[in-house]
Amino acid sequence: MTIVVFGNKKGGVGKSMTALNLSGAIISRAIRQDLDTSKSVVIVDADTNETIVNYIRRREAFNEKYKSLHGQELPFIKVELRRPDDSLTRDLVALDNIYDYVIVDTGGYENKAFKSAVGVADAVYLPFQPAQVDIEQLIPTLFVIKGVEDNYRDIRGDDNFTIDARLLLTLVEHGSRDLFSEAKEVCKQLLDFASISGVSIPKVKAVCKIQDSGLTLFDPQPNKDKTKFSSPHVKRAAFDLLLAEIDGERPVEVKRNTIVVSDAPDT
Amino acid sequence: MEIDINVLSAVKQKKDKFSESELLAMEQASNQSRYPSEIKDVDSYSINKEAGTIISINPNKTKLWTGNPRNFSFHTDLTEITALIKQTKGNVTPVVARKLPVKDSDGVDIEIIAGSRRRAACIEACENLTVSLVIADDKKAKLIAEAENKGRKDTDLFTDCRYLKYVFDNLKIADNNLTIAMFAEIQIPVITRQTMNEKLKLADTPLWLQKTVTSPDLWTFRKAVRLKKLLSNESLDLKKLKLSLKNQLFDKPDGLLLYLIEFIGIVSEAKNISIPLNNKEASICEQKSGDTKIVIPKGSPDLIDKIELLIREFSKAQ
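Chains as they are written, first to last, in our numbering: chain Z, 263 to 529; chain G, 5 to 322.
So that you can see chain G by itself, here it is in the shape it has in the complex (with noise of 0.2 Å):
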């Protein structure tokens, strides 16, 4: 029998390369190891499903923090979690809150960090709000918020303007030389001086007056904007709006914009200018609101010189 030592020593070789222990010790460092865009997700989801000590809380007695966007959003559609909590006599995933060191004036140390909808719908239900109390500072407590926010739904308009009115107004007064300028600028994606002026005042805008939207997702800036300007017709009589809109409830932003434009009725008789247009009429009128609304019926010839020879006869007539 023959024994080759260069195949033996090549065999040693190989099985030697890594030991057992060299091995484990690779897996746990690859496994340890992340890519940059891996390093955010690692430490959210290590804080989401932190277990916190569940207790359960008339949630009267609770507040929301602030520091989450979503604590300023108004619930206007809680009619199957409001169903669904009663079913099951609370809420079953409980919300996440801290203790305050001290009680606040209403004597309420419990702070809601994220679950603005499931305590609505237990206050509304009448039911006691499950709630999962963890240690947290506003830096943990902002990472938890992250956390349990993604995925979910993104802030209307509204709710977006209520938060960054309340940052703003705070930021103020830690600094008063705080302008808008600075504060649009510290924006991610930074937005226009102008844009957030408007944003600022529309956080303004009369609460009784935004829960006639069921679909308060659907606002748009632009939409937001045009309400803000018909608020500020000098003709409207608020409290008239207020009375007259007490059980009228809109599925879209743009049900109540109508519904403004008809009770100022500000379509004006002023400065209307018409012309014919095969047995029709086109016509373009500017409104009180300040818009110029242009009026061309359906399957008229040449459509464009149409609209060409309305606008220079209107501009003449300006």
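So that you can see chain Z by itself, here it is in the shape it has in the complex (with noise of 0.2 Å):
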């Protein structure tokens, strides 16, 4: 029902991390309502990197060692592996049919994939830190959403097709107010191409230690030697403001400028 795609071609800025916990947060609320999870979520993994699958693997393997010492299972997260210069769109569409949200992760580079991917998603999520280099780093991905929509418009001459593209602060530091709020001030000259999202994604230590487990903040935490485990992550609540911003629940921070068309002659 619901395609989001994550894409921005600078790496290491929390693609996959926000997609796998945002993965966790929907499997979270369909458990929460005793919904099929089987058909909750879908990550299509189209890096090269393969990020999300070998993340998911690791889940796979460690879930044999949670299932012997307390008897269930972890949740399931389907993966689906595309490479970056596969035209996603039908793909999508097709997934679309069958699972709750699609979730996308593209690589961190310049790719088809995403360029592929943008025009059927209901959310485009541009991750970024807050640092000038980063915000730079966003306008070659702006210019390709802004691209897909543009030529859209000239084909179909549908002038009100937009790519809901907004740009979501990530790996943000506690105590680093300042940089977060002049980047927040920076986006807004990008408000011509995207929205800015209200969700800040924060840096959480505990990503380090349960990624080689495969688990995401809104698994069981497990301690030191993972026989013991607690219960989910505090910080896993920007993930579920997220999904409510996807959902349509929360509104963006600031919305993207509508051009308008005015009909009365120049004055």
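Derived by calculation from the structure, the hints in this document are not laboratory data. For glycine and all other residues, C-beta sits at the position ideal for the given N, C-alpha and C. Careful: at least some of the hints might be erroneous.
[To be verified] In silico contact screen, one side only, chain G against chain Z (beta carbon under 8 Å); selected entries:
#1 F22
#2 L27
#3 A29
#4 M30
#5 Q32
#6 Q36
#7 S37
#8 R38
#9 P40
#10 S41
#11 N237
#12 D241
Hey, can you piece these two chains together into the complex? The hints should help.
Structure follows, in structure tokens:
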């Protein structure tokens, strides 16, 4: 029902981490609502690094250990692997008919998969860190989104077609409020191309500790020797907020400017 | 049998999300969109692949376009390509050229945009040159040249210098107020006035001298300036040098430089100082070329101290 694309030609900005934990949030909510989690979410990994695929492989391996200790399994996260030079347009539409959410993780470089995914996406998130260099790197990605938008408008003669691109601050460190607010101010210069998300993804130390087991922040958090588990991580809340924003239950912080074509003659 | 209207409408909604024509348009839109870095490539590529009219022509009845830096190159390593061209009775890959509206004073109206090496090899092999004739103004020719030059070896230093000199001279004709400093500033990347000045002077290095080095790519700016300095030596007789170099070829520029130093005989006996060092001798001497030569024998103990002492002695002597 909903296609969400994560993309930015700069790598290491937290695309895969956000995509994984967002899928954790979706599954966690489905469990709470007693829904079938097997059709809740699918992640399409279109990155040559196969970050998500490897992550889920580690999750599967760890699941065996978890099952022997607790007698229950970790929720299953479905992954589809694609190549960066694949066209995803039709694949995503097909997956959208099966799953409630289709999350697309693209590589941190210029790739066809991203270009072909943005047109059919309900929301395109551009994760970036609060640094000037990262903000500058957003421009080529926004350029491509605008290109797809303009081309589609020209081909179909549909001036109302827009791609819902959203700038998402990620890996925000605790105590760097100045950088955070500065980055948001700079982002306002890009409002002709994208909205600014009202969510910011914090840098969570625990992610480094749990990634070798393929766990998300929504899974029970392990102790040092991974024999005992406590409740899910408190900072998972940011991903719940992100999910609420995707569902439209929560507004974006600043909406993208709409270009109004006036019929009134120039004065 | 029960029908759930809600499920039906949900299924209908899913099916209607994108129609086939919308999906086709979406695919087309994404195929046509480009990252900023891809845009230049697209232009170059399409021009590079543009099909021209293929003709076969006597290479001597063509001339090289002066807008392509590679066309200023003197090809010294044509043995392999010439053999290949002889074997195939001409060049297999056509060179890109354009037809000029009027013939020049030599009656030539075909201008080679890219493919000077293939042209030179065809001349040497006495074979006809296969040419792809395109319609191109200077702007388009520049793009064709850029596309053709992409991935090929960079031009050597003297070729660069000749090209710069040609461009500078032409710009100077158009605007007499142009200075070397201004010309240096418009280069990408910007170079200093001094470097540009040297480069323009290097363009006048005699061709017969440049052709003695079989690997012109190995010329560095420093070595070329050294060559220029040696050529400006008052005691050098260029006519005699040209005669002595008639059958000489050097693999590297260093070979030519050493030959020139020996030819001029510029090692000076004057201002020479030496000190004994473990039954051997360390020396320092000033050469006529202005360079200072320091000789330290191998395996000297306390090397740094000895060098320091040597330089101090030399400074006192100065």
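Consistency of the hints with the structure:
1. F22: Holds: closest Cβ of chain Z sits about 6 Å from F22(G), inside 8 Å.
2. L27: Holds, because the Cβ-Cβ distance from L27(G) to chain Z comes to roughly 6 Å (cut-off 8 Å).
3. A29: Holds: closest Cβ of chain Z sits about 4 Å from A29(G), inside 8 Å.
4. M30: 4 Å, holds
5. Q32: 6 Å, holds
6. Q36: Status holds, d = 5 Å.
7. S37: 3 Å, holds
8. R38: 6 Å, holds
9. P40: Since chain Z brings a Cβ to about 5 Å from P40(G), closer than 8 Å, the hint holds.
10. S41: 7 Å, holds
11. N237: 53 Å, violated
12. D241: Because about 60 Å separates D241(G) from the closest Cβ in chain Z, which is outside the 8 Å limit, the hint is violated.
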